[in-house]
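Enquirer: One-letter residues, chain by chain:
Protein chains: 4
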Amino acid sequence: MKLTKEQLKEIKDQQSHQNSTKRVTAPELEKILYEAMPALDHGFVRVIDYMGDDTSIVQSARVSYGKGTKKVSTDSGLIKYLMRHWHSTPFEMCEIKYHVKLPIFIARQWIRHRTANVNEYSARYSILDKEFYLPTAENLAAQSLNNRQGRGDVIEGDQAKQVLELLKNDAERTYDNYEIMLNERFDGSIINENKKGLARELARMNLTLNTYTQWYWKTDLLNLMNFLRLRADSHAQYEIRVYADIMLDTLKRWVPITYEAFLDYRVAGTEVSAKGKIVLQKFINNENISMEDSGLSKREWNELMDAFNLKDKIIK
Amino acid sequence: MKLTKEQLKEIKDQQSHQNSTKRVTAPELEKILYEAMPALDHGFVRVIDYMGDDTSIVQSARVSYGKGTKKVSTDSGLIKYLMRHWHSTPFEMCEIKYHVKLPIFIARQWIRHRTANVNEYSARYSILDKEFYLPTAENLAAQSLNNRQGRGDVIEGDQAKQVLELLKNDAERTYDNYEIMLNERFDGSIINENKKGLARELARMNLTLNTYTQWYWKTDLLNLMNFLRLRADSHAQYEIRVYADIMLDTLKRWVPITYEAFLDYRVAGTEVSAKGKIVLQKFINNENISMEDSGLSKREWNELMDAFNLKDKIIK
Amino acid sequence: MKLTKEQLKEIKDQQSHQNSTKRVTAPELEKILYEAMPALDHGFVRVIDYMGDDTSIVQSARVSYGKGTKKVSTDSGLIKYLMRHWHSTPFEMCEIKYHVKLPIFIARQWIRHRTANVNEYSARYSILDKEFYLPTAENLAAQSLNNRQGRGDVIEGDQAKQVLELLKNDAERTYDNYEIMLNERFDGSIINENKKGLARELARMNLTLNTYTQWYWKTDLLNLMNFLRLRADSHAQYEIRVYADIMLDTLKRWVPITYEAFLDYRVAGTEVSAKGKIVLQKFINNENISMEDSGLSKREWNELMDAFNLKDKIIK
Amino acid sequence: MKLTKEQLKEIKDQQSHQNSTKRVTAPELEKILYEAMPALDHGFVRVIDYMGDDTSIVQSARVSYGKGTKKVSTDSGLIKYLMRHWHSTPFEMCEIKYHVKLPIFIARQWIRHRTANVNEYSARYSILDKEFYLPTAENLAAQSLNNRQGRGDVIEGDQAKQVLELLKNDAERTYDNYEIMLNERFDGSIINENKKGLARELARMNLTLNTYTQWYWKTDLLNLMNFLRLRADSHAQYEIRVYADIMLDTLKRWVPITYEAFLDYRVAGTEVSAKGKIVLQKFINNENISMEDSGLSKREWNELMDAFNLKDKIIK
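Residue numbers (my numbering), protein chains in the order written: chain A, 1299 to 1614; chain B, 1299 to 1614; chain C, 1299 to 1614; chain D, 1299 to 1614.
Hints are computed from structural coordinates only; laboratory data are not their basis. Incorrect hints may appear among the rest.
Which copy? The list can't say, so a pair holds if one copy fits it or any two copies do.
Calculated lysine-lysine pairs in the BS3-like style (CA-CA distance at most 25 Å, straight line) [as the list claims (entries may be wrong)]:
#, residue 1, residue 2
1, K1329, K1614
2, K1614, K1428
3, K1378, K1609
4, K1378, K1611
5, K1494, K1466
6, K1300, K1428
7, K1307, K1320
8, K1466, K1493
9, K1378, K1573
10, K1580, K1609
11, K1320, K1550
12, K1580, K1596
13, K1303, K1550
14, K1307, K1329
15, K1609, K1573
16, K1550, K1573
17, K1596, K1575
18, K1614, K1573
19, K1466, K1428
20, K1493, K1550
21, K1614, K1459
22, K1378, K1466
23, K1550, K1575
One chain only, chain A, in its complex shape (with noise of 0.2 Å):
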């Protein structure tokens, strides 16, 4: 990731102001505020702005007059029990704005997750940044054979480094014929001055999908959570998880007390279908049960395993 001088000093400044406030405020997220933390190899994640933090969600869970309680177990054994049992509207009462820049197949993914704010930078008003995602090495991965949409071995030797090139040379073509259709640098200088150029709404279409872009995109705490709880998971797509693991480690620094229950009921936690339960009783019970007798499919029996640990069940 590389910044313009001007964009730091932008940053930089930002960061030097110290506002008064009677709002609550979040100490170790106000420590990168504004910061440009890497994604990728030319993505960022910035955190711009925030809302409350864990005293808020247990006010409005109380409609209290003043900062939900004074101790912190009372407020972390409301929290807990909060998420546990799927209370959803007090940590909906807590808000966070992010910067992003991220590729463009990456961003089509995020976007599907509806409930948030987002101002993207417009390919139609602007000329994109010559920027594009190239995966390293380790992440060349080939299509998972069992899994449709999922990657399997990583490809290696010349086959990888074809891929790269690929990936690379047409990227750069299509970019620098963008320029060409545009008539005029991505640096602002007009390439023939007796040509109009193409309209930048249609220009853009000769982009690839690796092309960077950047948006603003804000949403409460209860679908940050969502989001996360998906793009974090091991099953989502690489490329979207780095940015999830970045914003995971800001959702500690915001509301450490909800990260802890987060990650103990929604990410490390499983859900178990009435015919999965009477597995596991049966197991408890050292009662026998085949998973033919179950009801389950194999790939569910299966899950049902990895999720509890239970490694010599597993059908293969």
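Please arrange chains B, C and D on chain A, whose structure you already have, making use of the hints.
Expert: Below, chains B, C and D alone, put in the same frame as chain A:
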């Protein structure tokens, strides 16, 4: 509006905080933060938290690294442009949270604005305060004769007295019986030690719709303006307008540039239909056009004349 | 529940229609379309319209040109997979619309499900029906002693009689006074020709929360299941559960495959936290673990034991 | 637009269905149900399902037991009233579902309308079709000189030829390399049996933004009109307007009364700010007012004159 000593102390405590933050602040809004601004006879509006200011709108509209521009004039021009052309997403980048005490029948109107986050005081869980809304004499309006959901003249004399007495007596009696059914007074004292109380979730059904409830209500700036546009309008029910007017003042303190544009384009602006445009064009060109030829209904014609203050053209 | 002759005729009229359509239909749901299914003492649930069926979920999950597959087994497997892995968007592709009559205090719970479309009968505009909810003897529950928002034993004898009388008398008297203030009876007759009536938007505040209202309520299948999961649950208030149970039956008629998966994974399934998983693993491996060592609170421990029907491990 | 034989057969199959239903139907919309209406060079719009018609709006606005009124005139008056006064909820009571094939850069604009349900063809899971959008000669517009997000004159001659060639070649080459990286052709044939293919979720990043994707898109009538108001507008990008225009026609077939009101009040109507109202009033009263005195910016002044077709008052 009367708060308990404890509540007043909690509010004072919050107001005494002076935290340091790198976030943008709205100094005029800070001045009234947490304050309980009276509404109707027992209600209030309190601003609890906020995120962003006018510059945040500019910043995200431009997807900029820094804080929008330095010049107020440029920011103002952009905000007016965004408002005029119904650009919605930049206004979603600011957020505000209120604590409101209000009669249940008003809460039922208010909640229809769905794009907001709400935590209401739970009468399944707690006993509601013994407070009911009773209109003042000048707000005791008769049913309008020509608008099925509007108000006509004020009711006066003996009938006014009778109405107020009925409202007062019914609210008090149903509340007293609510306590009897609960076997518990609102101050927590038990009425009859030998009896069980009816479940709170049931007993509450005996309360009248003018009983006060309270909630935390959080929304973004765009949806706040949608709310205010409808609820601060002269066609809105008086009782909700009282709240909307207080909130309009908080809007002015929070985002003064947006507030001005909102007044100009939304509140005091008007819409003209395709047919209405032709009527106005004819007027401007000193051509004649009658209601019959315009294709407008009488009602629609009069709404148009009224909007443009053309009193002599209104058809009785 | 009593409908007027006119209302019954309108329903019969609608039911007699036999339109031809190329859209998919749900034959079992068609059988009860428009029918007023009784709920509580004066309420009902009517299915007014719907869009899609089980095959629509499959069709959109596959973004196919035709109607999903022909084989029920394949469709069923996919729907179960989608449910298990919390894929949400395909379930949003079906839509249903209800007409519901319900007490106001239940409407206030219901409306908190925001992702739905609602048109409620307007008491600003019209006079509400003279109908109030009065619990039957067996639903007159005392406040629970250990759950602040739950019910305990049934109240009996004289106290029960007293409660019912208070509820009935207060509802009737406040309604009578509502009519007096309106200067109009619910059948439209004027009480005193020489008087003006109080505005409807004001008079309604005198009604008690068990007065019936009605609305059209439309939602997609995903959000219907979210609603039913919470409101058909044993922890939901009895009065809303009555409605949810009727709607569960309409779900079965509409999308039978989805209904089965919903029961298995959502209704009768359970969630296990990271700490809870370790407890169950120890049990399965015949290792000891105490509540103290588990990191679970007593309440949480008991919830887990209860979910897996391990009665002897519950700690009093 | 070219569909495979199999796809055409699936569509024919669906169209041959004649199911019986008690639901309301929209006969004109039924006539084109499932039909693939061509859009741009390879795209299409198909109406897959719908719920409700004009009478459904009336029915829910009145919360009636039957089917609104019998008289079209009364229904029409109410629908116009609702549209004029921005009553939104009754229009949410109708729902429609489309299957759309469209270039990715248009999909990215479209998806910003959040209040809709979407299932998009997954390029993590499947290989995208080998189809790219290439503008026709008359749509090859230059960048506008006075509107940073608009189009100016058409580009012609050699430059036009060059642009089209660049677009075509880049799309084809990046697609060929996509296949090489996947080690699989779009028809499913393997390129080199001894190689693994790159994961689909990675390979897709090499595609250009004019590649076609497809989705199921479902929304309610209110949000469809919000979409059409913006996207069928002359300021919208041509390529999305093509889709919006086709959908406008489906609106007309579906809810003809609402369609008329929509054209009159939304599409061909205009908004006038508080300051703009004063200008028009002065004109009507034959008083003078200059742009300077009006408080309007030049741009705003001209927008107003343009809206009311007052060409001679436009300031160059």
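Enquirer: If a hint holds in the structure, say so; if it does not, say that too.
Expert: Against the structure, the hints:
1. K1329 <-> K1614: Neither: 49 Å inside a copy, 46 Å across copies.
2. K1614 <-> K1428: neither (47 Å within a copy, 38 Å between copies)
3. K1378 <-> K1609: Close across copies (24 Å), not inside one copy (30 Å); limit 25 Å.
4. K1378 <-> K1611: Close across copies (22 Å), not inside one copy (32 Å); limit 25 Å.
5. K1494 <-> K1466: between (28 Å within a copy, 20 Å between copies)
6. K1300 <-> K1428: within (12 Å within a copy, 35 Å between copies)
7. K1307 <-> K1320: Classified as between; 15 Å across copies, 28 Å inside a copy.
8. K1466 <-> K1493: Between copies, since 21 Å is at most 25 Å while 29 Å is not.
9. K1378 <-> K1573: between (27 Å within a copy, 13 Å between copies)
10. K1580 <-> K1609: both (17 Å within a copy, 14 Å between copies)
11. K1320 <-> K1550: Both ways: K1320 and K1550 sit 23 Å apart in one copy and 19 Å across, limit 25 Å.
12. K1580 <-> K1596: both (18 Å within a copy, 24 Å between copies)
13. K1303 <-> K1550: neither (30 Å within a copy, 36 Å between copies)
14. K1307 <-> K1329: within (17 Å within a copy, 31 Å between copies)
15. K1609 <-> K1573: Classified as both; 19 Å inside a copy, 19 Å across copies.
16. K1550 <-> K1573: between (35 Å within a copy, 19 Å between copies)
17. K1596 <-> K1575: Classified as both: same-chain Cα gap 16 Å, cross-chain 21 Å, threshold 25 Å.
18. K1614 <-> K1573: within (21 Å within a copy, 28 Å between copies)
19. K1466 <-> K1428: both (12 Å within a copy, 21 Å between copies)
20. K1493 <-> K1550: Neither. Shortest intra-copy (53 Å) and inter-copy (43 Å) distances fail the 25 Å Cα cut-off.
21. K1614 <-> K1459: Cα proximity of K1614 and K1459: none, with 35 Å in one copy and 58 Å across.
22. K1378 <-> K1466: Cα proximity of K1378 and K1466: none, with 48 Å in one copy and 41 Å across.
23. K1550 <-> K1575: between (32 Å within a copy, 23 Å between copies)
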